[in-house]
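Position chain B relative to chain A; hints supplied.
Going down the list, the protein sequences come from chains A and B.
Its first residue numbered 1, the first sequence is counted upward by one per residue in UniProt numbering.
Its first residue numbered 1, the second sequence is counted upward by one per residue in UniProt numbering.
The set of hints was computed from the structure by calculation and includes no laboratory data.
Incorrect hints may have been included.
Copies of the same chain look alike in the list, so a pair counts if it fits in one copy or across any two.
[What the hints assert, rightly or not] Cross-link-like lysine-lysine pairs, in silico, DSSO-like; alpha carbons within 30 Å at most:
hint, residue 1, residue 2
1, K195, K175
2, K222, K14
3, K2, K39
4, K291, K151
5, K7, K330
6, K222, K39
7, K46, K338
8, K7, K150
9, K72, K175
10, K338, K2
11, K46, K175
12, K222, K67
13, K39, K155
14, K222, K330
15, K7, K291
16, K14, K150
Fair warning: this is a prediction, and the values are worked out from it, not measured in the lab.
There are 2 protein chains.
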Amino acid sequence: MKALILKEGGFATKAPESIQLTDMATHLTFGELDMPEAKEDQVVIKVSLASVNPSDEMFIQGLYGQKRIAGKAAGFEGVGEVVSSGGGAVADGLKGLRVAFAASPQGAWAEYVVAEAATCIPLIDAVRDEDGAAMIVNPLTAIAMFDLVKKEGEKSFIVSAGASQLCKLMISMAKDEGYSPIALVRRDEQIDLLKGMGATHVLNAENGNFVEELSGICRNDKPRVFLDAVANNTSASVFNTMGRGARWVIYGKLDTELPTIQEPGQLIFMQKQIEGFWLTSWMMTTPMEEKVAAIQTAQTRFATGEWKTDVTAILSLEEAMESLPEELAKPNGKVFIKP
Amino acid sequence: MKALILKEGGFATKAPESIQLTDMATHLTFGELDMPEAKEDQVVIKVSLASVNPSDEMFIQGLYGQKRIAGKAAGFEGVGEVVSSGGGAVADGLKGLRVAFAASPQGAWAEYVVAEAATCIPLIDAVRDEDGAAMIVNPLTAIAMFDLVKKEGEKSFIVSAGASQLCKLMISMAKDEGYSPIALVRRDEQIDLLKGMGATHVLNAENGNFVEELSGICRNDKPRVFLDAVANNTSASVFNTMGRGARWVIYGKLDTELPTIQEPGQLIFMQKQIEGFWLTSWMMTTPMEEKVAAIQTAQTRFATGEWKTDVTAILSLEEAMESLPEELAKPNGKVFIKP
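The shape of chain A in the complex, shown without the other chains (with noise of 0.2 Å):
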């Protein structure tokens, strides 16, 4: 079968100059692999669609927390048809199902996945292949990362890279249960966009006066909880903005720019804290039905057309040898590879 296949195994041994995918070639190759096989309570799905995440980008790099293996497909989640099962009851009954599915631990940039099948979803007709290749790793960052919002108390959060499909499915999230999301942007353009999902503020954060207005906003709205994908200093300066216990929480870095803590008396006399989200430590701590009502939230939000994913580009997998870089560059949308 074909696949796009790491060249490379383990974590990155120098820090990158850039943390976006510039260059296929040196990290994957355009080549065949055997057949996967399943094994007990595993599939084997033929996949239709596969997306492409900011994870994988850092996952082929090695900058993600996970290790890479030379010789395996990379992707991470994808769409498919369940065609052959490894045995167990609940991998028997998944045959001939159309399921959104998460790699195990790897490999949905080929013709055909092995997965676990307790992490297959059967989808119902109603959810479109681009919706259900990207349901998991997105959708269920998007609810357990609101929910620590719900829980934290405040109707205001922020966020920051606030035009990425994440931050589209938690600001209408937001949106429809009342609360009050402050997205932060670097183009004016994604202002009224964002406002028209639900956002309540969004700033651009190149502006000269940032730090300026977000502090005015803060000191009204009190956001607790930053969510954010960049990590650099201009999200230093955002949570050296926020008021008493403030939460840092990261869950992405898409910029080389070390953080400076500007002022650590703020965790001492202000109760502020800097943690980090992952969906992997979320998926293993968290109760299996806090688990299943996330995934059914997913499922019922693209089913009825409360979330969408916007398609920037559809790729053969010899295609996105050429121009994943480049597609994945273009801003507002998802890029998906076609096996």
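Showing chain B alone in chain A's frame:
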């Protein structure tokens, strides 16, 4: 009455060149104040000895989490005799007793001071004035932070500024309870001293191979908590060297250098976390029985000699104006003011 009086109000308006107190006359004046008066549930104490803590140094310079009030006496804690009560059963019951006190909100560097009756600790004779005058800020911080280590479940933990009075208290307590402190210092002569007190490892953070050495210890001993009074880039390296689930707990800022988060990905993928500790918050959020237990632990340890406050100097109010910065710069002991 005579007192060391704050010349400035509010917080410092610019970042300091040094955290250490270098110039008394900018911030304090030696002068006369009216005798303080106790309200209900308060007492007036004739101060026999007041301690000088790092928090006093920061407060006087406007760097602490509490606003200065120009014209009030400085000083957070001390020991003395209760000479009058503002009324209320507890306050009345304290009359004539020797007590350790926390000044409310400050004023211990004076002949007389007002304190909340509820914060006064009647002392048994076996506790020396030098221990009673330093029985609240450092000992309760030590007990509360060591409790945080115990709750985390690993026997090993790291402390910076290892030769401070506070760390010595923690190290000897940890040894007695079978824990393994890793102490960081900046002078070789402190290494044997702290090993003698119970530190399992003592590292000079100025050594070239410090990070490498710490890295080996972390792999083996797996410390989860780093109690940090310095908050500079050496601290950031310590945190970066620690393993999965590490908590960097900042409780002081002995260096003006601002720390950079060296690998934000560790917060995401290794569940690391950066937070603060402030005794005032702990006091406000901890149940009364835990606080009483902590106070009894402190008094018992001082009475039995398990804890002993090392004295660098005891200065009169007038002498403090002259030589407090110079005495504070000496290592290994505590400075007191005797009004």
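Checked hints:
1. K195 - K175: For K195 and K175, the Cα distance is within 30 Å only inside one copy (10 Å; across copies 58 Å).
2. K222 - K14: Answer is between: at 25 Å across copies they meet the 30 Å cutoff, but 39 Å inside does not.
3. K2 - K39: The answer is within: 21 Å in one copy meets 30 Å, while 83 Å across copies does not.
4. K291 - K151: Both, since 16 Å and 28 Å are each at most 30 Å.
5. K7 - K330: This pair counts as within: shortest intra-copy Cα distance 26 Å, inter-copy 58 Å.
6. K222 - K39: Neither. Shortest intra-copy (51 Å) and inter-copy (35 Å) distances fail the 30 Å Cα cut-off.
7. K46 - K338: For K46 and K338, only the intra-copy Cα distance (11 Å) is at most 30 Å; the inter-copy one is 82 Å.
8. K7 - K150: neither (42 Å within a copy, 45 Å between copies)
9. K72 - K175: Classified as neither; 41 Å inside a copy, 50 Å across copies.
10. K338 - K2: Intra 11 Å, inter 83 Å, cutoff 30 Å: intra-copy only.
11. K46 - K175: The answer is neither: 37 Å in one copy and 60 Å across copies each exceed 30 Å.
12. K222 - K67: Between. Shortest inter-copy distance 22 Å satisfies the 30 Å Cα cut-off; intra-copy 39 Å does not.
13. K39 - K155: Cα proximity of K39 and K155: none, with 46 Å in one copy and 40 Å across.
14. K222 - K330: neither (33 Å within a copy, 44 Å between copies)
15. K7 - K291: neither (34 Å within a copy, 58 Å between copies)
16. K14 - K150: Answer is neither: 38 Å inside a copy and 37 Å across each miss the 30 Å cutoff.
Checked against the numbered hints given earlier, this structure breaks hints 6, 8, 9, 11, 13, 14, 15, 16; the rest are met.
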